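Participant: Same order as they appear, the protein sequences are chains A and B.
In our numbering, each number is its position in the first sequence, counted from 1, plus 247.
In our numbering, each number is its position in the second sequence, counted from 1, plus 30.
Honestly, the hints are just simulated from the structure, not real lab data.
None of these values were measured; they are calculated from a predicted model.
Each hint should be verified, as a subset may be incorrect.
Below, in silico cross-link-like pairs of lysine-lysine (DSSO-like), each with a Cα-Cα straight-line distance of 27 Å or less [stated by the list, open to error]:
1) A:K384 <-> B:K360
2) A:K362 <-> B:K360
3) B:K33 <-> B:K121
4) A:K262 <-> B:K356
5) A:K355 <-> B:K360
6) A:K384 <-> B:K356
7) B:K356 <-> A:K355
8) A:K704 <-> A:K323
9) B:K282 <-> B:K239
10) A:K358 <-> B:K356
11) B:K360 <-> A:K358
12) B:K227 <-> B:K204
13) A:K443 <-> A:K355
14) A:K384 <-> B:K291
15) A:K362 <-> A:K540
16) A:K355 <-> B:K348
17) B:K204 <-> B:K253
18) A:K262 <-> B:K348
Which stretches of chain B does chain A cover? Using the computed rule of at least three CB atoms under 8 Å from a CB of chain A, they are [said to hold, decoys possible]:
19) 35-47
20) 67-74
21) 81-91
22) 96-107
23) 111-122
Built from N, CA and C at the ideal position, the CB exists for glycine as well.
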Amino acid sequence: MFDMVLFELQDIAGKEHVSTRASDKEVYSIDYFWISEMWHDRQAGRDITRPMADFIVHPANAEEVSKVLKVANNYKIPVTTWGGGSGSQGGALPVFGGIILDTKRMDKIYKIDEKSMTVEVGTGIIHQTLEWELEQKGLSTMHDPASARCATVGGFIAHRGTGVLSTKYGKIEDMIVNMEVVLPTGEIINTLPVPKTACGPDLNQIFIGSEGTLGVVTKVTLTIHRLPESRKFRAFIFKDLSTGLRVGQRLISENLQPSVIRLYSENETKEVIKKVLGIEKTGAYLVYGFDGKQEMVDLQMKYAKAIADQEEGEDLGTELGAEWWKNRYKFFFPPYMFHLPQCFGTLDTVATFSDIENVYNAMKEVVETRYPMARFIGHFSHWFPWGCMLYARFIIETPPEDPHEAIYLHNSIWNDALRAAMKAGGVLNEHHGIGLKLSRLTPELYGNSFQIIKNLKKSLDPNSIMNPGKLGFGV
Amino acid sequence: MTKITQNNIDTLKACRYCPMCRQSCPSEFISYRESDAPRGRAILLHSVYLGGKEFDSSAIQAIYNCFLCGACKSWCSGQELGGYDIPELIKFARRDIVSHGLAPQSVQEIRNSLVENDNTRNLDSKLSCTALVVEKTADVLYILGEGVNYTNPEIAEAFIRILGHQQIQYTLLKDEPTSGKELDLLGYRKEAQEKAKNMAGRIKAAGCKTIVVSDPLVYDALKNDYPAWGLKLESEILHVSEYLLSLIRSGKLKLKPTQMKVTLADSEFLGRNNGIYEAPREVVRASAGENFAEMQWHHEYLQSAGEAAFTFDGSAFKRGEELGRKISIKAEDINAEVIVALSATAKNNIAATTGLRVMDIVEFAANLMV
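Pulled out of the complex, with its shape left as it was, chain B reads as follows (with noise of 0.2 Å):
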């Protein structure tokens, strides 16, 4: 196996005995096993690199379970401290597991999907909906992600429509690129770089000023990994809550007040990695003002909405639906109408689970604008 960093090792040996975190794991609540939370995944860890074991395919799959969503950091009362780091354990096994040819096959098949099409559902870039675009220069560049840009156009519609509003001149990327993102978490990261720099290299052909992201695992990819891989970025970097806030307070976006309840769903990429939670509120509460509830999570104790789980059991996004229900419940409890989602993934995984009207931020902004 491959020699284990001492960060990793840290988060190990912190780990592997602790079952603090454990109610917050939303993987353990899906399957009820304990190889499922971050205890159980430290100690197969454990025993593979620091117990001279090797992997087998039910632990390799243990590790494939796990969504990413670093729920178990927010609840650690040591992390400040220690710095233990469970994400970043799991990505550094599943690039082990990679290294070693280990991976399972439905992760295979994703990984051949986003190397040959671009996306991880094997589907023809003739079906998203930047496949007809014309690029042209201009000071902005609206980046959709595989979510909005194969499943859910109606994301892209309203936030075309919001700019054209505003008339802002904009581009898209004609049958735009995966950022490698989805690769990097699946633990290819050499395919995921060769990736990033195609996607870099068509950001900089663009020649934008600000580059304005739906999908939050982009936006994390763009913020985080690309500085990390050396991939320099000259433009600005908003999320389109930012983008829309930005709108708002310089008075050009103007929304209607609505009388409906409305939540919002937290992204743990957005959130937890990148700190963003105060920019979808603010554009919420321009128009649902004292109307904007709390679900009993949120800001970094947010309940995942899925948006990294890839795979589940073997499974490729059969598990999404019973994140989104736990959300849909808690939207419920407060007697929401209205949630508002910061991703494809987290609209799809809620919508499928509760009669209330789930819809992206930009939708939500679209359809109050004056």
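If we strip away everything but chain A, and leave its shape as in the complex, we get (with noise of 0.2 Å):
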């Protein structure tokens, strides 16, 4: 059978789109996840194997992932699509083999609209080679996470992604104006061509944040800006989290409109800060950042730094503001960022002002008394009008040899972590998504209200070919 589907995807993508080899397989058996990290760092001497895809394809467009689906479907074979594989949920891993769809190969930028200020491109495209295209042209999406040089726009879509400068500009979902997808059964729609519309529910939200589950973007329009004249920060020291969390809301409810704020907990400003920018302070770092006009940004900055005065925050200055927007991504490269044989795992999380610090508390002091092996950092990196996001992180030097071990552990700090943190007012994820990590924990989070998304599922994908194991759909 393995050799008649073989052919079969072949016929539509082309033979040297299509591929059994060995090293491929291996290669799309490892994302970001750290279980599948770990996974492959310990095979040595070990009995281990890693569930890996039976054919890895390489469409071209959306008449061909139509195609491939329609053979997926009628074989039952899974379906796992894959944009950059650097998530770190999981959610890309081809947990019950079957078909990887790799989608690199429809990167295509399609049109630049410079009036309506918006971009359509394949979402295979690494998201920096479409930035570096729109910079060109002196243009931005402004959506700039660290995993842009890695990830592809479709991945950002598949996991609601976000990035430095989400204050102002908005999450992924916040820039999209429409997108073309090919649903389970292989059909190509489109959805509305603007999304603020009073013509019943948005079609673009039930497709952004599924993870592969639902179908696959393969095209997508999105807003574009020109880039701003000046781009400043300014960073402080607070002499603790909470005042620092109090100069973030003040930021965002006197209507500054700040495309940055990043606070760091006390202990992550020792740790990680010192590390990075050899800032070596006591207390919690934030840096604010402004961008657009000249004037308004020295108006902004002018106001932000008032309020940081008030609340008695130790200027840093501006130099050593710009020295975090110069070194932004610096932190997600190695030796700076955690790596095995450490275990450790990215707890993000949103919640509204009010519980926010509950939520760090509560995720905090679960981490640190029930596992004294483990450090607890977080920061703060994303705000809302009515909340901000933790990207709160937990740290173990040195975790159990056993890889079940280890892996028990780590799926324990996660359980705990995120049920103290759902109590408290938060939910699993703010911008990496749910994935295989978090599957289990989704229907608990939606409670009563899941089986509404589950019944969307069993619509769209009545094979359930889509990303099995993922997004708490189980098979």
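Each chain sits in its own coordinate frame; assemble them with the hints.
Facilitator: Now the structure itself:
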């Protein structure tokens, strides 16, 4: 049967775009999820096998995706969509084998519309490649995550990604005008030409964040902006996290419209800010930034500083603020980034301003009291009119040597920390997604409303071929 | 498998799960496969060197699909501190693959051709433009490199015109041998060193004061590999662009101004390995002045022209044009009329994909000299 399906897939995408090579199966079995990395890291001397795809297919367009999905339905073969493979939740792992649908050949920039300020692209484009092309014309999507260099636009859509400028420009879901989607059964649909209508539910929002379980987004029109005339930053040290959170909340509620606010907990200031930026201070490091017309930015900077001064922040100046901006990606490169054999995870969540500090404290307490071998750090990096996100992390220097024990510990921390977050008003995730990692907790988060999402899945994907095992859907 | 060095282990461990340089890797965006990205290759090599697996043929192919252009290093923000070096890791793995007799057939064929004919393409040395050279004593020895010697004699002719115009005594090496660089990049160090010894002997016998080299691979070999292998050359070693610049600076060589918009395709082996970025620019600017324009990617962020693109998916030399096309697009984006290249390989790969004029830097200078 395998060989029969292989020929059908080759007829669709071309022989050179369908791989069954051992090297590809191996590489596509590891994404940025700690467990997949650990599983690979510890294979020496152990009888460890990782779930692997049977076929890796590189379709060129929606039509080819459609045909692949029809074949997959005919034979009830699982299909896992893969963009850049840089997701941290295991969302792109082919846990039940089948087909990996690598979208990166769908990387065309179809149209840059400087009147409507939109760009239409294939979702397989690496986001940085898109940004570089826009930059040539003085434009940007203003979606600026650390993963821009390695993730695809489709990957961001799949898990509701965000970037460092989100406080002003929004998350990826705020930037989408319309999309082309291949449904699990192979039909190619387009969402409405514009997203702000009074024509019923917004179809875009059904597929955004669906992590490849409800279809494959093959083309998207995104909003774009002119590069700002001025972009300025200023950094402060506040005596504690509570003060820093109050400053952030005031920057938002007093309508200063910052593009960046990033607040580091006292222990992350001590550990990470020192390591990457070389700033050795006690307290909570906060950097804010504004962009736009020079005079407006100067005015915003003036009012922001007044708030920081009122809260008795130690002014580190604009240069150390700009230094953060310059090094904003550096945090994610080795040797700065956490890495194996460490066990680590990003417990990002989001809550209202009223709840967010409680969420932080609840997660911190759970991790530190139940798991004394773990460190807990966090920063607050995406701010909304009603609250902000917490980018919390746990790190264990020497996790158990036995991989199953290590996974048990890893999963236990996730369970306990996120249940504490949900109890305090947080949610499972803010911008990394659910994937395989948090799939088991998703029905718990949604409660009885999860049935609505399940019904949607059943209706769109009757054979449950799309990314099984993810997003709480099982198989 | 051969015991891996600590530097290579550090690279493996840093790069195996880090995708942050992937957008810079030219090989991934030809095949679009994860195994053709630095992360993918590090995962595969980690499995072999630290995971107890054997090399399989597709992993070996992925290792030979790397163009060794070094873009991953240029785009790594941790490189300065960590010293991660994917090209060195790949070269180590290739040597190991070769030592275990696992090199792909296409690679073995290139090796045999280099050993027997001193070129990668199995061409008879009689077809080279140095076949009829009569060696003489001179201050300047001009080394062409394989591309100029076998496929692009017009570059050598242009340089010889400049030397003649300047009344500079020069010599060439009859049946110019391979430097060994290609063999080393393919994993055949022993054979590479034998060829290097031969080349070094020929150079010494020529007794020149200055060696001027066209081919960036040969330049890199003479500058870096030979000293590392204990082959000391007493002569000064210059790339043709550096030599032309010295002639221009001394006032001996004058170039007419050109009104054409000119851009430069940097060389990975000259630039990333040897820091030669400014000399060719100064030569071009000596004529083009304000009409010189940079493409989007230049200096350390250059786009690979495929100087070491010997094999890809087992097909020798088939993918260079795809790299050339990416450079052509960027040149067309800035409305350039002329693309100046720094190697025969770059010239051919770029010229095959554009209607713009593409010329080597010595052709540019020769065409405009007063």
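Participant: Could you check the structure against the hints above and give me the numbers of any it violates, in ascending order?
Facilitator: none
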